[in-house]
Amino acid sequence: EAQVTQNPRYLITVTGKKLTVTCSQNMNHEYMSWYRQDPGLGLRQIYYSMNVEVTDKGDVPEGYKVSRKEKRNFPLILESPSPNQTSLYFCASSLSKGLAGEQYFGPGTRLTVT
Amino acid sequence: SQKIEQNSEALNIQEGKTATLTCNYTNYSPAYLQWYRQDPGRGPVFLLLIRENEKEKRKERLKVTFDTTLKQSLFHITASQPADSATYLCAHGSSNTGKLIFGQGTTLQVKP
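Line order of the protein sequences matches chains A and B. Note that the first sequence covers residues 1 to 114 in our numbering. Note that the second sequence covers residues 1 to 112 in our numbering.
There's no promise every hint is true.
Stated by the list, open to error - Quick list of in silico lysine-lysine cross-link-like pairs, BS3-like style, CA-CA up to 30 Å: (1) Lys65/A / Lys99/B; (2) Lys3/B / Lys57/A; (3) Lys111/B / Lys65/A; (4) Lys99/B / Lys57/A; (5) Lys111/B / Lys71/A; (6) Lys69/A / Lys57/A.
Unchecked claim - Label pairs and their computed distance ranges (CB to CB): (7) Pro39/A / His76/B: 39 to 47 Å; (8) Asn24/B / Ser67/A: 32 to 40 Å; (9) Arg58/B / Lys18/A: 42 to 50 Å; (10) Gln14/B / Asp38/A: 30 to 38 Å; (11) Ala79/B / Ser67/A: 26 to 34 Å; (12) Ser82/A / Asn7/B: 31 to 39 Å; (13) Glu52/B / Arg110/A: 32 to 40 Å; (14) Thr26/B / Glu70/A: 18 to 26 Å; (15) Arg42/B / Ser82/A: 25 to 33 Å; (16) Pro112/B / Lys18/A: 42 to 50 Å; (17) Ser82/A / Thr69/B: 30 to 38 Å; (18) Pro39/A / Val45/B: 19 to 27 Å.
In short, the hints are calculated from the structure, not lab data. Note that beta-carbon positions come from the ideal geometry of N, C-alpha and C, so glycine has one too.
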């Protein structure tokens with residue numbers, strides 16, 4: 001089954017404790033992206049990747065890192081999480097390199113930073 | 001800066017009626033717009049894409065229009081059903097980068 005998976009689905013952590021949210025897709029998509037969703041602010045793009053070893057900032061990249069060493073994986077790293085990073089996070093992938101490509105979203109990761 | 005706006009107020013309609021949702025954009029001319037459906041606690045699901053040179057696109061009970069003069073896209077669901085109740089998001093992507101900008105979404109409630 002074609003899908004985007006994220007792990008963990010739920011995470012409660014403390015300020016400053018480094019964490020990684022994994023994202024994997026099995027559709028051989030070139031384009032992958034991370035979003036956060038907050039009430040009243042909608043979906044905002046954090047980082048995106050057009051291909052392996054190619055990443056770029058979205059609208060809200062501060063406090064986040066990403067890497068794209070393999071085509072299927074695009075982990076999101078929070079080196080020193082803070083409470084304002086409490087949010088619902090979505091990973092997405094697309095066959096097209098972001099140019100009008102239909103985005104396939106993962107199930108989401110709900111992160112709470114205390 | 002590029003901005004994409006949707007009516008943040010929920011839209012309540014009766015089953016069988018046509019629902020119309022609006023997406024407005026300012027300060028740019030998108031090459032295309034996408035529409036997604038999102039159910040509570042789940043990831044958005046792609047519905048339709050319309051390009052700037054297309055006036056209208058249809059898929060089953062769904063119809064999207066794109067008016068570059070009004071800087072607006074309209075999303076219609078005909079013969080609406082309670083199962084259509086969800087939040088609908090519009091999004092614009094750049095033609096030469098991987099950036100994607102979403103509107104805040106409009107929640108549709110279809111009452112039986």
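Each hint, compared with the structure:
no.: 1; hint: Lys65/A / Lys99/B; verdict: 16 Å, holds
no.: 2; hint: Lys3/B / Lys57/A; verdict: 17 Å, holds
no.: 3; hint: Lys111/B / Lys65/A; verdict: 44 Å, violated
no.: 4; hint: Lys99/B / Lys57/A; verdict: 8 Å, holds
no.: 5; hint: Lys111/B / Lys71/A; verdict: 44 Å, violated
no.: 6; hint: Lys69/A / Lys57/A; verdict: 17 Å, holds
no.: 7; hint: Pro39/A / His76/B: 39 to 47 Å; verdict: 27 Å, violated
no.: 8; hint: Asn24/B / Ser67/A: 32 to 40 Å; verdict: 36 Å, holds
no.: 9; hint: Arg58/B / Lys18/A: 42 to 50 Å; verdict: 48 Å, holds
no.: 10; hint: Gln14/B / Asp38/A: 30 to 38 Å; verdict: 32 Å, holds
no.: 11; hint: Ala79/B / Ser67/A: 26 to 34 Å; verdict: 47 Å, violated
no.: 12; hint: Ser82/A / Asn7/B: 31 to 39 Å; verdict: 32 Å, holds
no.: 13; hint: Glu52/B / Arg110/A: 32 to 40 Å; verdict: 36 Å, holds
no.: 14; hint: Thr26/B / Glu70/A: 18 to 26 Å; verdict: 39 Å, violated
no.: 15; hint: Arg42/B / Ser82/A: 25 to 33 Å; verdict: 26 Å, holds
no.: 16; hint: Pro112/B / Lys18/A: 42 to 50 Å; verdict: 49 Å, holds
no.: 17; hint: Ser82/A / Thr69/B: 30 to 38 Å; verdict: 44 Å, violated
no.: 18; hint: Pro39/A / Val45/B: 19 to 27 Å; verdict: 20 Å, holds
Hint violations for this structure: numbers 3, 5, 7, 11, 14, 17, all remaining hints satisfied.
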